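First to last, the protein sequences are chains P and G.
Using the working numbering, read the first sequence as starting at 1 and increasing by one per residue.
Using the working numbering, read the second sequence as starting at 556 and increasing by one per residue.
Be a bit skeptical, because a hint or two may be false.
Said to hold, decoys possible - Okay, derived cross-link-like pairs now, DSS-like style, lysine-lysine, Cα gap no bigger than 30 Å in a straight line: (1) P/346 with P/288; (2) P/346 with G/621; (3) G/807 with G/688; (4) G/690 with P/288; (5) G/690 with G/668; (6) G/621 with P/288; (7) G/653 with G/668; (8) G/668 with G/688; (9) P/25 with P/14; (10) P/14 with P/497; (11) G/603 with P/346; (12) G/653 with G/833.
To be verified - Computed footprint of chain P on chain G; a stretch qualifies when at least three of its residues, placed anywhere within it, have a C-beta under 8 Å from a C-beta of chain P: (13) 582-595; (14) 610-620; (15) 629-639; (16) 701-708; (17) 734-741.
It is worth saying that the hints were derived from the structure and are not from the lab.
Note that this is a predicted model, so its numbers are computed, not measured.
Quick reminder that beta carbons are idealized off the backbone N, C-alpha and C, glycines included.
Each chain is listed here by its residues.
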Amino acid sequence: MKAIETFQLPTAAKVNYINAEYGLKSWLLTRDHKRIALLYLGSISFFFFLGGLYAMFIRLELLTPQGDFLSSATYNKVFTQHGIIMIFFFLIPSIPATLGNFLVPMMIGAKDLAFPRINLLSWYIYMLAGIITIYALLAGGIDTGWTFYAPYSTTFSNSYVIAAGLGIFINGFSSILTGLNFIVTIHTMRAPGMTWFRLPLFIWAQYATSLIFVLGTPVLAITILLVAFERLAHVGIFDPALGGDPVLFQHLFWFYSHPAVYIMVLPGMGVVSELIANFSRKNIFGYKFVAFSSMAIAVFGFLVWGHHMFVSSQSVYAGMIFSFLSFAVAIPSAIKVFNWTATLYKGSISYDTPMLYALGFIGLFTIGGMTGLFLASIAVDVHVTDTYFVVAHFHYIMVGGTLLAYLGGLHYWWPKISGRMYPEGWGRFSALVIFVGFNLTFLPQFVAGYLGMPRRYHAYPPEFQVFNVLSSAGASILGFGLLVPAIYLVWSMRYGKHAEANPWHLPGLEWRTASPPPTENFLVTPVVTWEAYEFAPPEEMQVVGKFRDEVVSTE
Amino acid sequence: MQTSWIPFIPESASTVSSKVDALYFYLSGVTLFFTLLISGVIVFFVIKYRRRSPFEIPRPIAGSHKLETMWSVIPFIIAMSMFAWGAQIYFENSRPPKNADEIYVVGKQWMWKIQHSTGQREINELHVPLGRKIKLIMTAEDTIHSFFIPAFRIKEDVLPGKYTTQWFEATKAGTYHLFCAEYCGMNHSGMIGSVIVMQPAEFDNWLSGNVGQQSPAVAGQQLYQSLGCITCHGANGEGGRGPALVGLFGRKVDLTNGQSLIADEAYVRESIENPQAKIVAGFGPIMPTFQGQVTPEQLIQLMSFIKSLQVTGAPAATAPNPKLIPSPAPSAAPNRQ
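All chains should be modelled from the sequences, with the hints used to inform the complete structure.
Set out below in structure tokens:
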């Protein structure tokens, strides 16, 4: 019988990347992409918790129509800071900086990223940005909304716009460096035999995301600089009282921030492609279509920013062109959903926690994507833009999409990352709770939005209360569901069952080395002789596809 | 305040609202269909093809160009139908009808100031007659606001230093929400009001019960004199050293740089605040700037005066009450922090 090739020692090695060195210094000065991924994991979890606290305050305030829990000034800061923390300090770095950092070299058979020192630098930049932003929050907060619309942000707001803007400006460089690192690594460091079309789809998604990081983030940096310039030096750029144009700000801001939506969701799509294929033991249906649709989304995502501005006084014809392009960019996403679904056909589908997250993702992403069509359709957008319909839509993409994919990926690769198994029962339970809580939170907001409830309202007319109460009830279930994995994942690092090298019996390169992996990932340079998602070599098909890693471990 | 008899749909009270709802139903139907289709197929596959033995390896399936083409082309066609429908409603309503009654709206932190062309002012309330076309000409004194009437399914941002318009024709008497939809600072959620749709006779009654206020055109005429526009543009806008203003709105204007444009609110505003930007052919760049000297409301008054100048020569502006109230002292430029 032929074994699947592994690139690890026949007996489990005692030394891995976690216990290779001890001490704070060995972590803070590490150049190991896996350790840097853990540094990121710790920091983004902190920011996620902080952003979640703000969400809790929002949902508490909106339980009643009167603004009775927080003052309106405080409420405005709370929703602004929820957005800034969640978008810039959690969602954007989430999958790329943790799972991507850990897995890009492992999945392509490299020892590390192309620029290990730059990788560590990107984490320090992220932390510096985070500290400056936390300073802005503690000093008095910021109340412009995460969108920083001028001239409110440049002239009227009396809050810490410059400090928070500086935090986001600096944070952008960490994104750019990560993106640059991934692009160079994927181009130059693939193992022998790892051709472009043998790459796991997670890598294609990271590659597409990195392109947006590198091309889009500088525009955000420029925009923030201009805001600071106008606010400090009173140079008229956006404020008409100084001779500026406020709509120019919106063009610049959305030129980055719409592609940023794809920065947040593309890596999630990459994770889901892995989960769907691996947990149904089927090669992904239409591999090239899924891979190229990521690239199409990355490119065409730069051409649709104007759909955020249908009522901004943009010209009628510009509006129609942006509407057309927005409908067009929906097609690659639809292609992905159909291919994921088709992959399940005649598969061998397991109900492990990561798969539950992936299936939840497809359902919620479908709703999130389809409601995006309402917003691309100008006449309907005029009515629902700046209402809770939009809030519900992007939470379906960001939470129902990205967060679920992130959690699914975290569970899937947890044995590899930590060397321990998470408790499967608790995993399934919390995945289910999160799914129910999420829908109860955000489904009513579609209705409230079409009925006309504007977003960013501290107090609201009483007829909207029923939807807000449902939403707040859902949010508490969602919050509980998210606490459970936070507890058991930390618990499992010490008490979890030891993980095998390949606990899921999968062919990917990252599973062909020890769990946790040694610092150099593979003890011998892997040579790739198989296609992506080739669940057993063809000559083994008649041996009912038994995976050979148990054979290897006894060799 | 009010919902329609269809669940989860707000009251439909304008000529456009039922069109938007129809498209919304179509979009909702397609969304429901695809969500149920995808989830149904997933649930079916997940149950039917569940893992029965830990070692089973299903036979790989390569994919199918036929299927890929099908599920690219069909969604594209559906998406284009949504695009065309949405764009058509939007385009039809993007140009206000010529015969619409004009109402001026000024947004400021945190209130809506509204003035009818006959002079009546209101704050956070907008009284309109049923079945008549109403055009709103809107600007802001400070930051960006957005004038949103859910029952009419209309919304347009209200910007400082710029005039935006939207229009509607109410089809149902009643009181409806008016919201500011663009976040504008501390009391954003307090920048709300009502739109009151009245029977035309009732509305005329309401109008005549609110007399005693100067129409914007008359106030504009006074400004026209006090600011000294009269010296170059003539007492009745007939022109002189400066170009004639009679019948200016909607007319083609040739500029010294060889370009030409159709005079509208944005052009007139720019010519008052920054006269050197566009010089009319045959005239010199002699007009001083009035930036910071006229408030957005005064700009609206000047414009309504210019609009009232008929081709016959004499101003047609008449106040409902001939007793003129002195216009308020021009306040300094809008509050800036």
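Okay, the hints, checked on the actual structure:
Annotation: proposed proximity of residue 346 of chain P to residue 288 of chain P holds, straight-line Cα distance about 20 Å (limit 30 Å). For a cut-off of 30 Å, the pair hint linking residue 346 of chain P to residue 621 of chain G stands: about 19 Å separates their Cα positions. A hinted pair counts as satisfied when its Cα atoms are at most 30 Å apart, and residue 807 of chain G with residue 688 of chain G qualifies at roughly 26 Å. A distance of roughly 52 Å separates the Cα atoms of residue 690 of chain G and residue 288 of chain P; the hinted pair therefore is violated under the 30 Å criterion.
Using a Cα cut-off of 30 Å, the hinted pair residue 690 of chain G and residue 668 of chain G holds, with the two alpha carbons roughly 15 Å apart. Among the hinted pairs, residue 621 of chain G with residue 288 of chain P is consistent with the structure: their alpha-carbon atoms are about 14 Å apart, no more than 30 Å. Straight-line distance between C-alpha atoms of residue 653 of chain G and residue 668 of chain G comes to about 24 Å, which keeps the hinted pair within the 30 Å bound. With a CA separation close to 20 Å, the supplied pair residue 668 of chain G and residue 688 of chain G stays within the 30 Å bound.
With a CA separation close to 22 Å, the supplied pair residue 25 of chain P and residue 14 of chain P stays within the 30 Å bound. Between residue 14 of chain P and residue 497 of chain P the alpha-carbon distance is near 16 Å, which keeps this suggested pair within the 30 Å criterion. Restraint check for residue 603 of chain G and residue 346 of chain P: satisfied, since their Cα atoms lie roughly 8 Å apart, inside the 30 Å limit. Of the supplied pair hints, the one linking residue 653 of chain G and residue 833 of chain G holds, its CA atoms being roughly 26 Å apart against a limit of 30 Å.
Note: the region 582-595 of chain G has 7 residues with beta-carbon separation from chain P under 8 Å; the three-residue rule is met and the coverage holds. Chain P is given as covering the region 610-620 of chain G, and this holds because 10 residues of the stretch bring a CB closer than 8 Å to a CB of that chain, at least three being needed. With a cut-off of 8 Å between beta carbons, the region 629-639 of chain G has 6 residues touching chain P; three or more are needed, and the interface restraint holds. Counting residues of the region 701-708 of chain G whose beta carbon lies closer than 8 Å to any beta carbon of chain P gives 5, which meets the minimum of three for the stated coverage.
For a cut-off of 8 Å, the count of residues in the region 734-741 of chain G with a CB near a CB of chain P stands at 8, and the three-residue condition holds.
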